[in-house]
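Student: Here are the chains, one letter per residue:
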Amino acid sequence: MNSKAANNVATGVIYALVVAVVGILVFLLGYILITGVPHVSFHFLTSAAESFKSGGGIRDQLFNSLYLLVLTLLISFPIALGSGIYLSEYAPNNWFTNIIRTAIEVLSSLPSVVVGLFGYLLFVIKFNLGFSILAGAIALTFFNLPLLTRSIEESLEDVPDLQREAGLSLGLSRWKTITGIVFPAALPGILTGIILSAGRVFGEAAALIYTAGQSAPMVSYSNWNPFSPASFLNPMRPAETLAVHIWKVNTEGVTPDALQISSGASAVLIVVILLFNLGARFLGNWVYKRMTAAK
Amino acid sequence: MQDYSFDEKHIVHIPTEKALTTEDLQVYYGKNHAMTDASLEFPRYRITALIGASGSGKSTYLRSLNRMNDAIATVEGKIIYRDTDINSKKINVYEVRKHISMVFQRPNPFAKSIRENITFALKRNGIKDKAELEYRVENSLKSAALWDEVKDDLDKSALALSGGQQQRLCIARCVAMKPDILLLDEPASALDPISTAKIEETLKQLRKSYSIIIVTHNMQQASRIADYTAFFHMGHVLEYDKTENIFTNPEIKATEDYISGNFG
Numbered sequence: 001m002n003s004k005a006a007n008n009v010a011t012g013v014i015y016a017l018v019v020a021v022v023g024i025l026v027f028l029l030g031y032i033l034i035t036g037v038p039h040v041s042f043h044f045l046t047s048a049a050e051s052f053k054s055g056g057g058i059r060d061q062l063f064n065s066l067y068l069l070v071l072t073l074l075i076s077f078p079i080a081l082g083s084g085i086y087l088s089e090y091a092p093n094n095w096f097t098n099i100i101r102t103a104i105e106v107l108s109s110l111p112s113v114v115v116g117l118f119g120y121l122l123f124v125i126k127f128n129l130g131f132s133i134l135a136g137a138i139a140l141t142f143f144n145l146p147l148l149t150r151s152i153e154e155s156l157e158d159v160p161d162l163q164r165e166a167g168l169s170l171g172l173s174r175w176k177t178i179t180g181i182v183f184p185a186a187l188p189g190i191l192t193g194i195i196l197s198a199g200r201v202f203g204e205a206a207a208l209i210y211t212a213g214q215s216a217p218m219v220s221y222s223n224w225n226p227f228s229p230a231s232f233l234n235p236m237r238p239a240e241t242l243a244v245h246i247w248k249v250n251t252e253g254v255t256p257d258a259l260q261i262s263s264g265a266s267a268v269l270i271v272v273i274l275l276f277n278l279g280a281r282f283l284g285n286w287v288y289k290r291m292t293a294a295k
Numbered sequence: 001m002q003d004y005s006f007d008e009k010h011i012v013h014i015p016t017e018k019a020l021t022t023e024d025l026q027v028y029y030g031k032n033h034a035m036t037d038a039s040l041e042f043p044r045y046r047i048t049a050l051i052g053a054s055g056s057g058k059s060t061y062l063r064s065l066n067r068m069n070d071a072i073a074t075v076e077g078k079i080i081y082r083d084t085d086i087n088s089k090k091i092n093v094y095e096v097r098k099h100i101s102m103v104f105q106r107p108n109p110f111a112k113s114i115r116e117n118i119t120f121a122l123k124r125n126g127i128k129d130k131a132e133l134e135y136r137v138e139n140s141l142k143s144a145a146l147w148d149e150v151k152d153d154l155d156k157s158a159l160a161l162s163g164g165q166q167q168r169l170c171i172a173r174c175v176a177m178k179p180d181i182l183l184l185d186e187p188a189s190a191l192d193p194i195s196t197a198k199i200e201e202t203l204k205q206l207r208k209s210y211s212i213i214i215v216t217h218n219m220q221q222a223s224r225i226a227d228y229t230a231f232f233h234m235g236h237v238l239e240y241d242k243t244e245n246i247f248t249n250p251e252i253k254a255t256e257d258y259i260s261g262n263f264g
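First to last, the protein sequences are chains X and C. Per UniProt numbering, the first sequence runs over residues 1 to 295. Per UniProt numbering, the second sequence runs over residues 1 to 264.
Keep in mind that the hints were calculated from the coordinates and are not lab data. Everything numeric in this text was worked out from a predicted model, so none of it was measured. Warning: the hint list may mix true and false statements.
To be verified - In the DSS-like style, the derived pairs of lysine-lysine whose C-alpha atoms are separated by at most 27 Å in a straight line are:
id : chain 1 : residue 1 : chain 2 : residue 2
1  : C       : 90        : C       : 31
2  : C       : 178       : C       : 89
3  : X       : 176       : C       : 130
4  : C       : 178       : C       : 208
5  : X       : 176       : C       : 98
6  : X       : 176       : C       : 90
7  : X       : 176       : C       : 123
8  : C       : 156       : C       : 178
9  : C       : 89        : X       : 176
10 : C       : 123       : X       : 289
11 : X       : 176       : C       : 112
Next up, chain X with everything else stripped away, as it sits in the complex (with noise of 0.2 Å):
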């Protein structure tokens, strides 16, 4: 086979891959939305789930996926800001930083069961927080950590050398550079993984059946006060989400449009990460353009 030839194979071979992958999305992301959509309604997002009776909707699994999503990143964005500054700019190359890179990669590769069960047994339990949101972001921050940590060390060290040294010939500290010039360079990407995780954190179910709960008790939406029992923003309550939601509707619902429900809270999921995904290059790119192109 001559070079010509050999070239037009492996070039066919590559195209038939790339299509295989964007076709099994394209399916699953079409059967996903043609099942689920035409479930969708605005009643369908605005009220209450029923445990009997058809007719139930989404309202609150929807809130507690998203506030739950809020808390986790509260918690898990300072120290992953913290650690992917250190790793990017301050560990040596030795022994020390190989085990703290060694330590988030099997981290990152927990199955989230597993981060969900030792939540469990942690928080819940020994901690006696009950099955409650802060549990559960416990749980999310567990999980969402590694990979958190990692896009933000990355970023950073995406920044080149010479604007370090620019920073440094200029007389400035070495945190001063970092938090001046090094960080806002590397905002862009830190926003990227920032909302890639956010849609991985949303969409997360098994590590939340054990953390958050599978119950979604009644919650008053005009009641601010978080330390009321029934308020919305109460991070002890226990709290199912969309995700745990789909789960359980599948393998415990006993109402009659179980299915119907489920096929329309996973589009809504899909549509939301979806969101997520393409809010993360939207927003990039705008960030990059603000801080590099002429206003």
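On the provided structure of chain X, position chain C as indicated by the hints.
Tutor: Frame of chain X, contents of chain C only:
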């Protein structure tokens, strides 16, 4: 390339005021002895060029002068600035770099506006007065011969400038800090001839109020702008004299061979 003796040296002393002096400076990268016994005196308000082939140690030497090599190399010996050895552990390196500033080979403006590129370090060093900041922006851009080209676009991103403009902005950024000494590490090697000429013109103007030490690969550039020139060879300074002597009547064989293009 033939071997040259490192014992045969011709290093002059500076009769006029000195900006910086190094005594027996040694630089090691791990076990690699990259710079040996560099003892040079740099005149105040003059341009000194450091020339030599790639790997001769001239950039290594330059970066040691404001302690930019601290993280990657071991530097021994004395660097005397205003009667103080600034190569001492007790010295605040950030303070040193406010007096001895550096411009790099590749332009490295911050991903900020032109104005902020200049004001950023000033603000972080405690200058808050708006009028003073404005004055320094205009003044430093004028000394870098960039003001006329950018005065209407100060809020545009510095990354939108051409390479030559970016490099002059980097010079302006250093000048705005009002340092004593400017170190330049091949500042024009990534630029076209017209931009290079502008940079050289800028440096000639800056010589009136700054002491400048410049590393260059370009021997014409050294002969055009430098008052003194040091020739580096394989980690040793072999010759240091007035530029005209170096280029017309070098004392050392290695210098003569290098400037006549026999190696390097």
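Student: Next, verify each hint and record whether it holds.
Tutor: Checked hints:
Between residue 90 (chain C) and residue 31 (chain C) the alpha-carbon distance is near 25 Å, which keeps this suggested pair within the 27 Å criterion. Using a Cα cut-off of 27 Å, the hinted pair residue 178 (chain C) and residue 89 (chain C) holds, with the two alpha carbons roughly 25 Å apart. Between residue 176 (chain X) and residue 130 (chain C) the alpha-carbon distance is near 21 Å, which keeps this suggested pair within the 27 Å criterion. For the given pair, residue 178 (chain C) sits about 13 Å from residue 208 (chain C) by alpha-carbon distance, which is consistent with the 27 Å threshold.
This hinted pair checks out: residue 176 (chain X) and residue 98 (chain C) have alpha carbons roughly 14 Å apart, not beyond 27 Å. Under the criterion of a C-alpha separation no larger than 27 Å, the hint pairing residue 176 (chain X) with residue 90 (chain C) is consistent with the structure, at around 21 Å. Taking the CA atoms of residue 176 (chain X) and residue 123 (chain C), the gap is about 11 Å. The hint holds against a cut of 27 Å. Straight-line distance between C-alpha atoms of residue 156 (chain C) and residue 178 (chain C) comes to about 24 Å, which keeps the hinted pair within the 27 Å bound.
The straight-line distance between the Cα atoms of residue 89 (chain C) and residue 176 (chain X) is roughly 21 Å, inside the 27 Å bound, and the hint therefore holds. Between residue 123 (chain C) and residue 289 (chain X), the direct Cα distance comes to roughly 24 Å. Compliance with the 27 Å bound is thereby established for this hinted pair. Proximity of residue 176 (chain X) to residue 112 (chain C) is assessed by CA-CA distance (about 15 Å); at most 27 Å being required, the pair is judged to hold.
Of the hints listed earlier, there is not a single one the structure fails to meet.
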